[in-house]
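Based on the provided sequences and hints, a complete structural model is requested.
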Amino acid sequence: MTRRPHSSRQALSVLEALFARPDKWRHGYDLMQETHLKSGTLYPLLMRLADDGLLEAEWRPPVPPARAPRHIYRLTRAGRAFAKSMLESRADKAGPGRAGATA
Amino acid sequence: MKPPRQSLALVLIGCCAFLLPAERATWAHAMKAEIAAIEDERAALAFATGCVWGSIKERTLTMHFAAHTVRFIMIASMLALAIVAAVIAGRVAGINTPSATIFGLTSILFAGAGIWYLVRGPGALIRTASIMIPLYIIAYIWVQAAGDTATKSVPAELYRALAIEGVVIWAVLLVGSLFMLCAETILAIRKK
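If you read the protein sequences in the order shown, they are chains A and B.
Heads up, the first sequence is in my numbering, so the first residue is 106 and it goes up one at a time.
Heads up, the second sequence is in my numbering, so the first residue is -16 and it goes up one at a time.
Check the hints yourself; a few may be wrong.
For lysine to aspartate or glutamate, the following EDC-like pairs were computed, each having C-alpha atoms within a straight-line distance of at most 20 Å [claimed, not checked]: (1) B:15 - A:163; (2) A:143 - B:22; (3) B:15 - A:135; (4) A:189 - A:161; (5) B:40 - A:156; (6) B:15 - A:121; (7) A:189 - A:156; (8) A:198 - A:121; (9) A:143 - B:23; (10) A:189 - A:157; (11) A:143 - A:121; (12) A:143 - B:24; (13) B:40 - A:157.
These are computed hints drawn from the structure, not numbers from a lab.
Take a look at the structure:
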């Protein structure tokens, strides 16, 4: 049986953070603080999500204290559908009592 | 002047551009831009350290990198074995001619296998290993059988050890070649 891509605990936590406010563009550091992931874990995950067309990225003009344009991220339409299915499947596995906790 | 931690963080984050593959250049810029927005210098340093680690993983945990590394290790090992065997052959040449001949042949064999692999790829080494493993096993059986009748000048223990060593080395080379064949196939499929 092959493992589904982006099904690790860390990937699910990133998907959950992005899916919680799907229209909002997020910064990497902001996602790090929310998911409690280290940058060395977060960025490779973001790269893979973007490679698979699940994440879109843009450059945003600087807002102080930033002095340079920052990269921002949000889920694509496919990414939202994927995140929904992954989070639902995680909730199902966790048991009926927790179903819908991530919806 | 920037605080030392901030400066170190900037140096580290600069390394990400070198560590990440070229197609990930945007991500290296993204990490660099992000660090400029982190005010706390301790957090900035932790962020940069994590990014360096992430970049190393991104560079090394790939089939391409693994294939290159295994290929390099295999060729370097074969050449090293050839040199070691040649040196031993030279040292025992005046003392024990049969041993010097065996070490000399071993040196030629590994040097030839290394060049053969460079020229013809892993398939050639698989074929060579498939021939060499049974040959070394036969050599071991032959030395074992001839051991009782051998004269004192023939170091049977040494030949038995060399035969076992030969089986192990060629088995490792066979496994490495099989890995290389799989890796090259996967990379070729991905390229298409």
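### Hints the structure fails to honour
6
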